[in-house]
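K.L.:
Please build the complete structure, drawing on both the sequences and the hints.
2 protein chains.
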Amino acid sequence: MAPSRRRSWWGWGFEDQAIDLAQRQALASGLGSLFGVPGSRAADLQVREPPALGSIDLPAPRVSMPPSLSPIASTDLYHRASHTHGKSFVDVVRAFHGDFSRPPDLVVFPRDECEVSAVLDWCGDHGVAVVPFGGGSSVVGGVSCEVDDGFPAVVSLDLSRLDGVVEIDGTSRSACIGAGAFGPDIEDALRPHGYTLRHFPQSFEHSTLGGWIATRAGGHFATNYTHIDDFVESLRVIAPAGVVETRRLPGSGAGPSPDRLFLGSEGTLGVITQAWMRLQDRPRFTTSAVAHFAGFAQGVVAARGMAQSGLFPSNCRLLDAGEAATAAGVADNTTLLVVGFESADHPVDAWMERAVEICRDAGGRVPEGVKHSSTQGFAGTWRTSFMAAPYWRDALISAGCIAETFETAVTWDRFDALHAAVTGEVRRTLERVCGGGRVTCRFTHVYPDGPAPYFTVIAPSSHGSQIAQWKEIKAAASEAILANGGTITHHHAVGRDHRPWYDRQRPDLFAGVMASAKARLDPAGILNPGVLFDPISSSPPFDTSGGQCCAPPCIGEGDPPSTPSEPPLQSFASPLSDPLRKGGSL
Amino acid sequence: MAPSRRRSWWGWGFEDQAIDLAQRQALASGLGSLFGVPGSRAADLQVREPPALGSIDLPAPRVSMPPSLSPIASTDLYHRASHTHGKSFVDVVRAFHGDFSRPPDLVVFPRDECEVSAVLDWCGDHGVAVVPFGGGSSVVGGVSCEVDDGFPAVVSLDLSRLDGVVEIDGTSRSACIGAGAFGPDIEDALRPHGYTLRHFPQSFEHSTLGGWIATRAGGHFATNYTHIDDFVESLRVIAPAGVVETRRLPGSGAGPSPDRLFLGSEGTLGVITQAWMRLQDRPRFTTSAVAHFAGFAQGVVAARGMAQSGLFPSNCRLLDAGEAATAAGVADNTTLLVVGFESADHPVDAWMERAVEICRDAGGRVPEGVKHSSTQGFAGTWRTSFMAAPYWRDALISAGCIAETFETAVTWDRFDALHAAVTGEVRRTLERVCGGGRVTCRFTHVYPDGPAPYFTVIAPSSHGSQIAQWKEIKAAASEAILANGGTITHHHAVGRDHRPWYDRQRPDLFAGVMASAKARLDPAGILNPGVLFDPISSSPPFDTSGGQCCAPPCIGEGDPPSTPSEPPLQSFASPLSDPLRKGGSL
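For the record, the sequence lines run as chains D and S. Each residue of the first sequence is one higher than the last, beginning at 1 in our numbering. Each residue of the second sequence is one higher than the last, beginning at 1001 in our numbering.
Worth double-checking, as some hints may not be accurate.
Stated by the list, open to error - Taking CB as the label site, the calculated pair distances span: (1) D/G242 <-> S/T1171: 23 to 33 Å; (2) S/D1230 <-> D/S68: 42 to 52 Å; (3) S/D1188 <-> D/A294: 50 to 60 Å.
As the list claims (entries may be wrong) - Covered, in the sense of this in silico footprint (three residues per stretch, anywhere, with C-beta under 8 Å from a C-beta of chain D), are these stretches of chain S: (4) 1013 to 1027; (5) 1309 to 1317; (6) 1327 to 1333; (7) 1385 to 1398; (8) 1475 to 1488; (9) 1498 to 1512.
Hints were generated in silico from the structure; no laboratory data involved. Note that CB positions come from ideal geometry on N, CA and C, so glycine has one too.
P.N.:
Put into structure tokens, the structure is as follows:
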């Protein structure tokens, strides 16, 4: 079951790509100046090593699968540990500090839909919670096994075996793809045919099609077709109550869209097993330019002009001066707007020509002119750096820092106020709880009616204090977002981290409708309890007869998640080291 | 309450635009050759006049509103007659033949959301059915008052007073618009500010924003942003159970989209009262070209190339030879592809240059070259003709013909088979039940993964036989669509006409979910019963106390909808007259 290149059981991505100790120490020595706190305190940073897997002591599994399913169920330490948490800040901090107190009792790897059904049936019969798990890259606590104590056990349902590109329809430029397929595998299968799914979230290498659909993932393209929502032609979903299969349709006006019910359902309504996805031809023409603006406000005007122009740039990424410094090494305090176009069909010079005009009209300079590339070009380079960023987040965690990103979307008329409020509230909170820190902003996507601002927060903390401090920062940011008309999440999903604000954002009656939908599709309430919905304590008593269970239901009686003690705040100093710069934006 | 220019109470659009008798007689004399039946039988056509409104005898209203609501309730003959039917073929045939046996007991014109709520409360208390009515232009039986006999009465809820553009946010290019606003009123209010909603369904003049949202309307632009779905930024909905208001958000990944639940809900889940809509700048640059293809298949290849090019033409309308002849006067049996681009931001020459190449690569000729227009141009002219077409549908009905359009969407790989099957099945059915007739096809929208084919059927029939014959034709077409992977409706909605096939297309479990949603939002099942859902017979007994009701519940005991007797088939002959050509495509 283990892939040839192993994914980290405690942090982001592949084990062999984790930032090594020397690099992390170099990083730590440069953080003081980044946080704007005295250089003398940099010595307070403690760069630690993650625990050894062998040192992790997991509670014994409380259930076992029946013989028909036991071949696909694992109690292996690596499997259970790597399915205990997702990859949110809280998840990684807990894992890094060896907190695996609430692992899945079993990790189950179904090979086909029948086995998915059988697992759901068995879990439903026994009231066992099921956490659907694609790549496990959730950054919002969406795949954590920390379910309500009412559940006698929890199973992590790893869908990675439902992989592969099953069929390609070149005429319609669509493909039937297993929900467990990871990004690179999808692209590898499509490349020889000249196609691409063209969906590149930051988690691309470590997340799956089903995960993207369940979380309404956003690709890294800035406009028009970039959300996975727009690429879904049809779905197959296995719910505890049965199978839902929608028709392959390029468009339909027949009642409310069934696909849209499952887009964003985060594993709570059913298990997405397969989808027909709209493909694109691989780009042949690409062009990019970088405009510099003296102030952030000018850059915002240019980004809005681009979003409202109908040009549909593939890239339109605004970086404030702080982001421009860390992600692109721009030291002159300018705001950057990175604009790109690409096409498989036609040169895009006319498009870029107009885009450059829009930048210049807003006061931008394009000192390096327009670059063309016949292959990946700038976007490819940028993407590599972009995808490396989460490893540096983990490196910061290992140094006892706080490193978090959060995102929203808001209409243009409210952006300035939202930006001021979020930045202000987060800075004040950082000052108060961390003694300093840094918050920067970029746009990941732009719409005609508003941008999707993405904030990066880095702050000094210390091992043991990270989660408690993070909670205060997260709450301050989320309150400011909601108060200023933003959505609690644009493409990171809701998970556990965003629940309180999601509940306030979601219209109450719609919440009721969704609860009814949940009751219809998942009557026992076993699917990803705590995410999107309040957990329903499982009603059927846990049945220990038949030798299927190896332990009585007892979760939560003695082992709540341990909360690390909280040592005093620490802060740091000394110049920004190269590794952070080279690692790209966080 | 009556607008200054009165809408027809029996047929399409404005009364003063109905085709006059002389034109209808000229039309009739040309139909024989169109239907391909002997010229000698043209004399069989009987061009009739619609009944006089005064001759319509409506059953007495069975309820009256309480004093607080009576000022907004009407029992006026014009109001009740014009709210009895929508504008489907069956609706217009019934109205034309004076069948008003099941009118609304009352037509209610709420002036604000409070009154909408109050009407829903009162109707809920008394188990009275409520049919939300925007412009009443449904062509699928979506606003018909023919509800289940279990309802003691039925109220048509006319939302036209919830009109007006309430607020414009120029920065975000969005506007808050009342759901009862008609297309031209919206454009009139936006034009001085330089904006357009850019949503031009064929019913544009006679339908409302709320109707568009409730039915997932498609605009007449061919690609990218054209569906009303994409223009909705947020919604307000009054359901019997309460109010749902979603946030103004340019994008969001926070759970399943609440807006998408109401998009396509066809008045069954709540009454849409207001929406923030994404606007566009008014186009300044427009260009169009018409490519001719020797065969339909070549035109399909070109349309597919265009759809998959990423050029996003505003127009990409493929007309088969039959459509090209009737709609564009093209007599050489060629297939036409009408391509247009427009922009408020930039010249679109580069776009059109590539589009023409795509046409030529597929074997197309562009004999008249590319046309530029600084204002409405071709699209405007075409639109005028396009919007006149339904009046000609009514003219054909008045001559005892069948004239119907239906549409679908299908992936490109299945289009040829769908086209062959639908055309073949409909032709065979026309032969069998009408002795001849004609079916033509065009594309109204093209997607990267498939087209939206739109079929027009015209056939000889006779007064009294039209509905029964239509049913056979509709069933043949719908069966062929479903069997060949199409959707039962692309933008006409489900209504009553498409229910049997919608039920088969909709996944069963999703139907259950929607029924749960309905029960939550509309517990008494009073909203548009029979549409999307099986009617729930109203459980509360009808309360005649308090003087609020003027008649006991008695619907359906003596007056089911009259089915006209069926005289023998008739067919027609003689050359195609000018009026049909001039009237544009049907």
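K.L.:
Now tell me if each hint is right for this structure.
P.N.:
Going down the list of hints, with the structure as the test:
no. : hint                           : verdict
1   : D/G242 <-> S/T1171: 23 to 33 Å : violated, 47 Å
2   : S/D1230 <-> D/S68: 42 to 52 Å  : holds, 46 Å
3   : S/D1188 <-> D/A294: 50 to 60 Å : violated, 41 Å
4   : 1013 to 1027                   : violated (count 0)
5   : 1309 to 1317                   : holds (count 4)
6   : 1327 to 1333                   : violated (count 0)
7   : 1385 to 1398                   : violated (count 0)
8   : 1475 to 1488                   : holds (count 4)
9   : 1498 to 1512                   : holds (count 9)
In terms of the numbered hints stated before, the structure departs from hints 1, 3, 4, 6 and 7, listed from lowest to highest.
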